[in-house]
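Turn these sequences into a full structure, and let the hints guide you.
Under numbering that gives the first Met the number 0, think of the first position of the sequence shown as 0, with each following residue one higher.
Please keep in mind that the hints were generated in silico from the structure rather than gathered at the bench. Please note: incorrect hints may appear among the correct ones.
[What the hints assert, rightly or not] Straight-line C-alpha distance at most 20 Å; calculated SDA-like pairs for lysine to any residue: (1) Lys-339 / Glu-491; (2) Lys-371 / Asp-270; (3) Lys-285 / Pro-522; (4) Lys-339 / Ser-271; (5) Lys-285 / Leu-344; (6) Lys-503 / Ala-444; (7) Lys-229 / Asp-270; (8) Lys-503 / Lys-229; (9) Lys-371 / Ile-398.
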Amino acid sequence: MKNRVTPALIEDIVAQAYSAIARPESVIELLAPVAGLDLADAGSSVRVDNHLYNAAQILDQMYPLSPQDLGALDPRTETGPDCDLVMDGHFRVEHVTRSTLTDTSFAVGEQLPEWALDSVERGGSERDRLPRDAKPGLVRLYCSEEDETGSWFMVRREDGDDGSRFLFFALRMQWDEAHGLSFQEALGLSDVEAMLLRHLVRGGTLRSFAERRGRSIGTVRNQMKVLQRKLAVRSKEEVLLLYAGFASTLEDAAANASQPAHRCRNLLRTDSSTIAWEEMGDPDGKPVVFFHPLEGAILPNSAEREMRQAGLRIIAPWRPHHGATAGIGFGLDAIAQFAKDVSALLDHLAIDEAIAFATQAGAPYMIGCLAKARPGVFRQAFGFGAFLPVQSAQEFAMIPRSHRLSITAVRTAPAFARMYQRGMLASIGSGSFHRFVENFYDGHALELAAVRHPELTSVFRRSASYVLAEGIDGPIDTMQTWASDWSALFRELKVPLTLVYGSKDANMPRPLIETLAKRLDLPEAQFLDDAGSFLLMDAPETVARLLSEA
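Here it is, written out as structure tokens:
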């Protein structure tokens with residue numbers, strides 16, 4: 000319900016807006032008050048909008064965008080267990096990090112399944128390897144009954160008044176040639192010893208190494224003992240633990256370092272505009288135009304790999320006001336020029352026919368381009384977790400509260416988009432960016448896991464370093480566009496559209512999708528089990544397969 004506007008209410012909101020200058024993350028607290036305003040009075044609307052715009056301008060001056068800050072953008076919070084799995088002394092699960100243990104049935108509050116640590120078929124029990132004191136152990140954890148190889152975890156034991164807890168830290172036991180060479184040089188290993196270590200890290204055994212090299216098992220065991228003495232450890236497991244720790248140190252150093260600014264090397268100048276674009280996937284593959292979400296036109300590594308393997312050439316134009324892509328106006332006005340620029344880009348690349356797909360906030364830009372493109376250039380389009388325009392009170396009631404407040408606040412006072420985005424960007428330097436992530440996806444584990452995943456964090460950082468070097472108009476345009484009612488764009492849609500959503504999508508719940516599809520005369524959507532709204536993270540192989548089959 001909207002609140003009747005009074006001078007006192009407007010003064011409170013204005014005071015909150017200016018107080019955000021000292022604490023940028025408090026912009027979040029403006030969502031509900033601004034969304035609740037009934038600004039039927041034009042004068043009140045202008046007054047609130049002007050003050051929000053002025054406060055955002057002051058934030059611009061107080062918190063200039065720093066390349067170092069943007070390169071270190073981190074959506075994760077410091078709170079919570081800094082490990083991947085926690086269980087108590089009775090093998091009851093207390094914590095699971097879904098971004099690491101994605102394909103498992105482990106559930107908080109339930110017993111860890113027996114097969115996770117103990118399987119007769121596998122010929123041994125990992126329970127015996129759990130530490131009995133403060134000294135950590137190396138344990139192979141099986142994440143499903145079909146998991147034949149398991150994954151290595153370093154396990155620490157904590158003893159307290161309420162009993163024991165076991166903290167599992169995933170060891171990325173993958174052989175990296177560069178890390179392996181550094182490890183060999185640092186510890187003076189011979190080539191044979193390095194080969195043996197690589198074989199063990201990749202899941203091999205001493206016996207399989209002996210068979211592969213045509214040596215007796217006794218010879219290989221002696222080589223293993225020499226390697227253990229050289230590394231001053233007592234077991235094969237400690238050798239692996241030492242390598243994993245060494246490699247993890249190198250990876251952490253790389254991950255914590257600010258990434259260099261991203262450079263887009265593709266730019267087309269048209270008669271009246273400019274458009275920049277990324278190219279990914281298979282350069283000789285089937286052309287696919289990607290209309291990117293808020294996080295930018297760069298694919299996560301795993302999604303890019305799937306696209307390449309599926310024989311897809313991904314062409315991802317940067318949207319209006321993003322990097323070197325010009326923006327003429329905001330919202331629907333900007334889409335009209337963007338559609339012309341995308342058509343010019345496809346002509347420039349000599350692409351006669353292509354597939355289109357959009358994720359999340361990229362949807363209105365795709366629909367606008369499909370409607371304006373020359374006939375036949377797009378023969379099929381896909382929306383993967385694509386936002387759809389909401390209109391009625393019934394539709395608004397189906398949206399999660401955080402999403403609903405954002406849309407309503409921007410519709411109520413358009414300058415709120417600038418204020419919100421500026422506060423969010425200012426929070427990067429103070430280390431409180433995670434508050435915006437947690438506020439928007441509160442209670443949605445799949446979305447939080449996706450946003451905090453290193454692959455998507457890297458995309459955010461690289462995109463921010465490119466887009467925001469030129470200013471913040473890109474994110475503002477994005478917020479104003481998806482907050483608007485862009486239903487009219489569907490009236491001109493002549494390209495077949497397939498909608499695909501995760502069954503646990505936090506932005507577009509299934510009842511809302513079904514209601515909107517009826518109103519907009521769209522086909523029934525497909526739903527992917529156990530996936531959220533970030534389908535390029537949750538189901539990249541399905542996305543690539545559907546695009547390749549189109």
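Hints, verified against the model:
Between Lys-339 and Glu-491 the alpha-carbon distance is near 15 Å, which keeps this suggested pair within the 20 Å criterion. With a CA separation close to 18 Å, the supplied pair Lys-371 and Asp-270 stays within the 20 Å bound. A hinted pair counts as satisfied when its Cα atoms are at most 20 Å apart, and Lys-285 with Pro-522 does not qualify at roughly 25 Å. The hinted pair formed by Lys-339 and Ser-271 meets the criterion: a straight-line CA distance of about 10 Å does not exceed 20 Å.
For the suggested pair Lys-285 and Leu-344, the alpha carbons sit about 16 Å apart, so the restraint of at most 20 Å is met. Using a Cα cut-off of 20 Å, the hinted pair Lys-503 and Ala-444 holds, with the two alpha carbons roughly 10 Å apart. Proximity of Lys-229 to Asp-270 is assessed by CA-CA distance (about 68 Å); at most 20 Å being required, the pair is judged violated. Taking the CA atoms of Lys-503 and Lys-229, the gap is near 51 Å; set against the 20 Å cutoff, the hint is violated.
Annotation: proposed proximity of Lys-371 to Ile-398 is violated, straight-line Cα distance about 29 Å (limit 20 Å).
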